[in-house]
Structure formats: C-alpha cells, structure tokens
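> Residue strings, one per chain:
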Amino acid sequence: MPSPVLEVRGLKKHFPVRRRLFGGAATWVKAVDGVDFAVHAGETLGLIGESGCGKTTTSKLILRQETPTAGTIKFDGRDIASLQGSDFMAYRRAVQVVFQDPFSSLSPRMRIGDIIAEPLEIHTDLSRAAIGERVGKVLELVGLPPDAAPLFPHEFSGGQRQRIAIARALATDTRLIVLDEPVSALDVSVRAQIINQLEALQRTLGVSYLFIGHDLATVAHISHRIAVMYLGQIVETAQSDALCARPMHPYTKALFAAALPSHPDDRTEEKSIAGEIPSPLNLPSGCRFHPRCPVAMPICSQVAPTLRRRDGEGEVACHLYD
Amino acid sequence: MASAPLLQVIGLQTHFNTFGGARIVKAVDDVSFTLREGETLGLVGESGSGKTTTCLSIVGLLPRAGRIVGGRILFEGDDLTRKSQRELRRIRGRRIAVILQDPMASLNPLFTIFRQVAEPAFFHQHLRGRTLRERVQGLLRAVRIPSPEWRMRDYPHQMSGGMRQRIVGAIALAGGPRLVIADEPTTNLDVTIQAQYLDLLKEIQRETGVALIFVTHNLGIVAKMCDRVAVMYAGKIVEQAPVRELFDDPKHPYTRALLGSVPKLGSKEPLYSIRGQPPNPASLPTGCAFHPRCPAAMPRCATDEPRDFVPGDGSVARCWLLDDALTRS
Numbered sequence: 039m040p041s042p043v044l045e046v047r048g049l050k051k052h053f054p055v056r057r058r059l060f061g062g063a064a065t066w067v068k069a070v071d072g073v074d075f076a077v078h079a080g081e082t083l084g085l086i087g088e089s090g091c092g093k094t095t096t097s098k099l100i101l102r103q104e105t106p107t108a109g110t111i112k113f114d115g116r117d118i119a120s121l122q123g124s125d126f127m128a129y130r131r132a133v134q135v136v137f138q139d140p141f142s143s144l145s146p147r148m149r150i151g152d153i154i155a156e157p158l159e160i161h162t163d164l165s166r167a168a169i170g171e172r173v174g175k176v177l178e179l180v181g182l183p184p185d186a187a188p189l190f191p192h193e194f195s196g197g198q199r200q201r202i203a204i205a206r207a208l209a210t211d212t213r214l215i216v217l218d219e220p221v222s223a224l225d226v227s228v229r230a231q232i233i234n235q236l237e238a239l240q241r242t243l244g245v246s247y248l249f250i251g252h253d254l255a256t257v258a259h260i261s262h263r264i265a266v267m268y269l270g271q272i273v274e275t276a277q278s279d280a281l282c283a284r285p286m287h288p289y290t291k292a293l294f295a296a297a298l299p300s301h302p303d304d305r306t307e308e309k310s311i312a313g314e315i316p317s318p319l320n321l322p323s324g325c326r327f328h329p330r331c332p333v334a335m336p337i338c339s340q341v342a343p344t345l346r347r348r349d350g351e352g353e354v355a356c357h358l359y360d
Numbered sequence: 358m359a360s361a362p363l364l365q366v367i368g369l370q371t372h373f374n375t376f377g378g379a380r381i382v383k384a385v386d387d388v389s390f391t392l393r394e395g396e397t398l399g400l401v402g403e404s405g406s407g408k409t410t411t412c413l414s415i416v417g418l419l420p421r422a423g424r425i426v427g428g429r430i431l432f433e434g435d436d437l438t439r440k441s442q443r444e445l446r447r448i449r450g451r452r453i454a455v456i457l458q459d460p461m462a463s464l465n466p467l468f469t470i471f472r473q474v475a476e477p478a479f480f481h482q483h484l485r486g487r488t489l490r491e492r493v494q495g496l497l498r499a500v501r502i503p504s505p506e507w508r509m510r511d512y513p514h515q516m517s518g519g520m521r522q523r524i525v526g527a528i529a530l531a532g533g534p535r536l537v538i539a540d541e542p543t544t545n546l547d548v549t550i551q552a553q554y555l556d557l558l559k560e561i562q563r564e565t566g567v568a569l570i571f572v573t574h575n576l577g578i579v580a581k582m583c584d585r586v587a588v589m590y591a592g593k594i595v596e597q598a599p600v601r602e603l604f605d606d607p608k609h610p611y612t613r614a615l616l617g618s619v620p621k622l623g624s625k626e627p628l629y630s631i632r633g634q635p636p637n638p639a640s641l642p643t644g645c646a647f648h649p650r651c652p653a654a655m656p657r658c659a660t661d662e663p664r665d666f667v668p669g670d671g672s673v674a675r676c677w678l679l680d681d682a683l684t685r686s
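Chains as they are written, first to last, in the numbering used here: chain A, 39 to 360; chain B, 358 to 686.
Isolated chain B (complex conformation):
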C-alpha cells in the first residue's frame, strides 16, 4: 500500500438551505476520514445520517440546495472543494466513479449498452473504432456479462436487475478509476445475486487495486467487504475503526446498538432494540445527537457535544463515556 493517502476528507461540512435559506440543515457536519490505495471503507448509517451527502460532496454532485461550507477533500493531493465543475468533470468517471443504488435510474433506457459503457473510454481515453469496441467487450467480460459482443447491442430493459447493476459497474470501471464510490449498490438485488455482485466487486478490486467507499446500512455487507468502517449518525462520524475492532469491541453506544439489533443466523435471542428513531436532520437534539436514544446517557450528553476520543486500538469515537474511561485509566 502506498504511504500517501488516496483520499483525505478533513472537517467536511455540507449544508442544505431550505425554505429559501430560512432554515439550514447540517447534513454533513465535521466529517473526516482517509482512504488509502486499494482500501475499502464502509460508510454505515441509517436514513438521514448524511452518508450519501458525504459521497455526493466528494464527487461534486450535490443538489442545488446543498453547499460545502467548510473542510477540504484532498484527492491525490488536489483539493476537490476548490475545483470548478469543468475540472471536476475531468476527474469524475476517470479518477473517481460512482455506482448508485438503482441501476434502472443510472442507465439511459434509450441508448444501447455499448454506447453507455463506451462513453467514459470515448471521452477520457479518446478510444475510437475497434479499440473502443474491444475495450467495451473486455469491460463487459470483466463484469461477467455472457457473450458481450452480442449483449452490448441490447438495451437496458433487455437485462435482468443483476446484469444491469453489473453494467453500471462496467461503466464505473471504464475510465480506469482509482476510487469507486458505491452507494447501496445491492439493495435492490436478490440475495444470491447480491452475493455474486459483492464477490465480483472484490475480485475486480484485487485485480485493479481500486479503492472502494461502500455506503450501506447493512452491517453484513460491511463484515464481508470492508477493511475499515465509519459509522455515521445525524451528520457526524460517531465511530471509526478497523472492521475487526468495530465488531469485537464497539466503543460508541450507537454502534453497539446497531450490532445488537441485527438478527444472527440460528440465534433466537431477543434482538437488542434502540428506543426511538433516527432524528430529523432539520431539528437535531442538543449536545450529543444520540443522547435521547442512548441507554448510557449522562447529564452532560444533553448539553455538551462530545469530541473525538482515541482509545488507542486504531479506533476513534465521539462519546463522553470514553472521556471517563480514558481519564480513569
């Protein structure tokens, strides 16, 4: 692994203006993480936790109401927050690619598979004619589309859901990216198809050494795919750790609750459930945003926002419990 990180997000803040600027939603609030070449980071959280907004901020595809108001995003040494849309266009699809949840929405129903898979190679690598055709066939073969020389003439509706998502994967790889951001890519797929797709992504990663950011709410996918995990809650990363440390010794009560609320195969024990539901990002609780649901909340959790604590096993967590644990020892 290279020593300089591929991607460094430092103190990212992304806000949405609603009601004509009358209200500000802090969708992403002081998020920092780094990603090295070939590494897989899982970005875990429930709906409204800011995981998708974080990704859209990185690639500069925020909706119009959204704005990066603070922080830096260093990719291969360049600050992406200072790039113009024109410059970003040269990075998106070539250096960074995105796979979204719904393959039907990311494929154009009016264009053939060939045209859509060829586009990045056409624009970014200036391939034409036979070289372009061979490149597309190679990409489709890489994502296990049978007889690509025929199937590339088809339209998206002629493909199954699993195949469509694999084609979106082929488009993502077409520019030869160093970073692929996958936003819940398997949510719409059947279990056996999901397993095939995840295996395929891993294989491609082994071959090309591409780094992955996996956005998901499914801890099983994290356990299967990721090297490191960042758990998001209400716009903040509440815990970040190598995957084994996170599953063996979760530090934040929210992480513990998430892990306990997932049924385990063959176990009939009652599930651990957190009371309440994820907060509305437009009106967050004071202090630690998790305190109204936290089983270990203390008086100061309601007033003071916790800072990052580093317990020393490679993890970072935002919780006052660690303050006490660390000062006592």
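Okay, chain A solo, but in the shape it has when bound:
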C-alpha cells in the first residue's frame, strides 16, 4: 500500500480545567486520548461519534489550530509540528477545511469571488487576472455559475453557500479536506446534492476527505473507511461495507441500533442502549464504554482494552474479542 497522505499516531489532547491557585491544573479533560489513523490519497475516512467524543478536537489538531499534548501527525511523512515558514504554508495550502454552518463560515461583507480568492492571494503569486480565472474555474467545479463571483453570501441559499465553502477549500491545490459535519445544517433535498458533489469532486481531483459526522447512514455512504470514536478514543475501525455488514464493538452496534429505519417495515423493537455519555471530566475506569455496555464483563471495569485486528481489514478495542 502506498504511504498515507495523513498519518496520526498516539494523538492526545488534554485541556486543563479548574487551575489551582499557583498555576498547575487540578483536572484535565482528555478530549482526545490516544488516537491512531491514516488517510490515503483519494480516500475518504469517516470519523463518527457523539458529542464530546473528540472528533472536532481531532480536526483542530490536524489543522494545527491546537497543539497536541502527545503524539504525532504526519503529512506526506513529515511531522506537521516541526513545519515552519514556507513548509508550513505549503501544509496550509494542501489541507483545507469546510465547516458545518455555511451561514457563519463565510464573511457577510466579502464578495464570493474575494472569499475564494483569499487563499490564492496568500498562497500563490498569481496575477489578478489569473486569480479571477481560477475563481471562475473552482466555482464551475462546484456547480455554480462563474458570474456568481461579484455577489455576496446573503444572496445564496444554505446549499449554495456550502458549495462556496467547498470552492474556497479547493482553490489552492488541495490534497486533504477536513469536512466537519458539512451537511448537518442543510435541508434534506440539498444534502444529497452536496454529498453527490463531494463524491464527484473526489473522483475527478483525487482529493482525500476526513469526513466528520454523527449520522451513520451519511458517513457510511460517503466514506471508504470509518473510525468510530467514543470519549476521546477510537473503539473500532473498518472498511465502510464491513462495518455496516458486521459491526463488532458494542458501541458501534448501539449506534446501528439507534439509527433510524429507512422504511416503516424496518422498525425494530430492539431496545436502544441506556444511559448517557459520561462527562469527559470523570472518565469511567477500564473500558470507557462499560457503564453503558449491555455485555460488560467484570474485566471491562478494570482493564482498558487495546485495539486488535478484527476480521477483514480493521481493528476493534473490546474484551469480547480477546
């Protein structure tokens, strides 16, 4: 297998809360606590989990908006923490982000053309005319007319704005886009447009996606591989088809049980898992899922399970499979 575009090893991010009188932190929130994954060229990795599982912190670490407490993030084999100057600019150029809410991620005072041109002005020494041409090209790429450039964001609907955000992310020669719940804020009929558009762009441009979401069906649809996160850790990774066909971790199974049916005949009488996500301030001992797990064993509250190979490609962290 060729070396991955992005490789994350042992990534940790702990936030201090409630400082003591003289500096030292009394408590830590372990938002991301030992995460490994890789994204290959032209591939989509889905990162799925509920609120507080650390998926957004992971994306911030990748974008270098936060510095990790421990672990490394390698892009093209180079640790991004060591990048400086022009190397760092090259990284920023290659890795872009699209946020959930296109109503707050686009400046209302800038024209669409300027919004998309901004990364080009910062990262390239193209002439004005060349930039204008490039803006028209990426607008066309995301299915908007090139003459939309002089308009302002308020003149567009939610779906169109999300297209503009994607166009901005593609303006430089982007190789990886972090998609942080890019369709959650959109209307149902518009979601399908954006997902199809993202898939088509990946086929033509070979760009990689890290798709962060909480809706199993959407993440499974767009992703090649999926990593399931729970309280700062990955509990299971697998090929998307394999995960849908045979989820192994009890939490993944619970996510599938909680997924809504696509037809009234698929209604299950299966009980959804009890309990709520524990506070990350006060993590359960052993396996973090054991207080909610329907098949917890005595060992689960004492020893944290490690990721081990599941059948097919992928890994699962659960004592059931020891």
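It is possible that some hints are incorrect.
Ranges of calculated distance between the beta carbons of each label pair, as one might list FRET restraints [stated by the list, open to error]:
1. B:Asp606 / A:Asp185: 35 to 45 Å
2. A:Leu243 / B:Ala659: 34 to 44 Å
3. A:Pro184 / B:Thr660: 31 to 41 Å
4. B:Met655 / A:Leu243: 32 to 42 Å
5. A:Leu189 / B:Met461: 31 to 41 Å
6. B:Ala659 / A:Leu189: 19 to 29 Å
7. A:Ala64 / B:Gly566: 45 to 55 Å
8. B:Ala361 / A:Asn320: 52 to 62 Å
9. A:Gln103 / B:Tyr512: 27 to 37 Å
If you are wondering where the hints come from, they were derived from the structure by calculation, not from laboratory data. All residues carry an ideal CB built from backbone N, CA and C; glycine is no exception.
Take the given structure of chain A and dock chain B to it, following the hints.
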C-alpha cells in the same frame, strides 16, 4: 380508536404581513388533515414549508405578524380559530401540549425543575402540597429521570441535553393532554439519546393513548414513529398517506425525491438529488410551487395549480400527474 376525530384541520390559511402589510406571505395555504385519538401524524417538510406555522396556528401561538385568515381547526368538536386567547389558555397545557426543538429555550433557567413541571398541574388540576409533589415525581419517573425526589430540586443547567428534553416532555404530559405537538424534539440530541427519547415517547403514547403530531424533516423518524404522514411544500400539503403507502408508493414527485435523497445504511448508490432549493415563501412560483424543481413537470404545471387527487389507496396528492393517471385508467 374513537370514530370522531380528535383534531380536524380544514382549509387552514395562515398569512404573515411583512413590510407593514405591504407584502403577504402565505405561510400556510389551504391545509387540511385529521387526527384520531392515539394516532401519530408526521408533518414533514424542509425549512420554510409551513410545518411549524401550522402547529403554532393550532395552539394559537402565532407571532404578531401572523394571522389565521381562513379555515377551521376543530379540536374535540370546538373551533379553535374562534376562541379567545383566554379560552385558549385553558386548552393549552391541559388538552394540547407542545414540545419545542430547543429544550434550553423552553425551560426557564431561574426556576427549579419542580416548579416548572408542577405549573400545569397547579393551574389546570389545582393540585397543591403533597399531592402536587407526588404528581411531579410521578411525571419525572415516567420520563426516566433517576431519583426524581432529588433531581426535581435542580435547575435546568444541572441536567444534560437529553434529560432537559425529557423534562420538557414531563411538562407537556403534566396537564394530561389528548394531543401533543412535538416540533423537531430530537434535532439537538445525539443519536443514541434520540433513540432513547423516541422509544420513551412511544411508550408513553401506548400507556396514555395521547395523539401525537410529529413535525420533522427527518424521514427516518417518520418511518420509526408515525401512522400517517403529511408532506408539506411551500405552505401546502402535497401528499398525505398512511406511512407504508407513502414509503412503498409515493405519488408526488417531491415525496419521491425526498425519499431518494436520504442515504440508506450499507448502500453506496449515488443519492437522488433534486435540483435547486426550497422556494422562498415570499415569492412562490406560479402554478404548482414545485414545478421549477420537478423532473416530471408538464406545461400546465407552470400555470395551473393542481388540486387534490385521491388515487384510492388511502393517499391524497396534489399533482397533475395523477390527473392523467386517473383519467386514463
């Protein structure tokens, strides 16, 4: 099931006056549906389709610019559109309850859970003292709040999002309503918490026989919860059917498009996408409001507004395609 419907909405029209009356937005335009005791109706539509305005019209909580300009809302035989606010206050919270999307906005952060859950029972059922306390504890237990005798002294900020929404559910049930209107109650909840909440609502419905109107844009929730579905587009119900008929044989192209645009677990097939976006309710297309986006649009769709057609399997749809299909057969 009782034979007389619990709620009958007939030709409801709700308009909003904007720019000092210079412009009229027909947010709800000729909407009719009925709901029987213990039944669950899903009201499905995208933003701006008028589903929330329909619900607010029923309970008389329209914002000031909104006005019911036509139609009737018969609830237990009474026309709610003719009631004064004073009379409506005696119905809201007692006979009809509402659950809104954001539990933080529907709970008062300054009052204890006890005070907020007790209010309907205090005003409508005149419970006091120990009976009131026991009633509140019973309600909190019914919505699975652990150790309610302690938790009822807490304030909303001490509860998780899922618990808060369950408490809003307890308040809704406090007056012993016959109809609960739930407006996207699970949009802000995590998937596993959403599943718990929906299971809980179903259980409560089985126990109390309350009727539910579920406002949502999520067809998965409809498939899980509802007996019948009404699909709204641009202020009108474009299709209404029993839930199985709707999923098996959708009649309106918009319903078909909605069903096709939802990813199905384990399927990698490209999603069916409708071009364009939902129209602005302030400037609707002529004829059928869906015609600019419709893959099966015909010339007359742009000029003539379709009427309701009844294909005979319990569904009703507003689409000219059915006119041709019905006259040919």
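> Take the hints in turn and mark each one as holding or not.
Verification of the hints:
no. : hint                            : in the structure
1   : B:Asp606 / A:Asp185: 35 to 45 Å : holds, 42 Å
2   : A:Leu243 / B:Ala659: 34 to 44 Å : holds, 38 Å
3   : A:Pro184 / B:Thr660: 31 to 41 Å : holds, 33 Å
4   : B:Met655 / A:Leu243: 32 to 42 Å : holds, 38 Å
5   : A:Leu189 / B:Met461: 31 to 41 Å : holds, 35 Å
6   : B:Ala659 / A:Leu189: 19 to 29 Å : holds, 27 Å
7   : A:Ala64 / B:Gly566: 45 to 55 Å  : holds, 52 Å
8   : B:Ala361 / A:Asn320: 52 to 62 Å : holds, 54 Å
9   : A:Gln103 / B:Tyr512: 27 to 37 Å : holds, 34 Å
Consistency note: the structure conflicts with none of the earlier hints.
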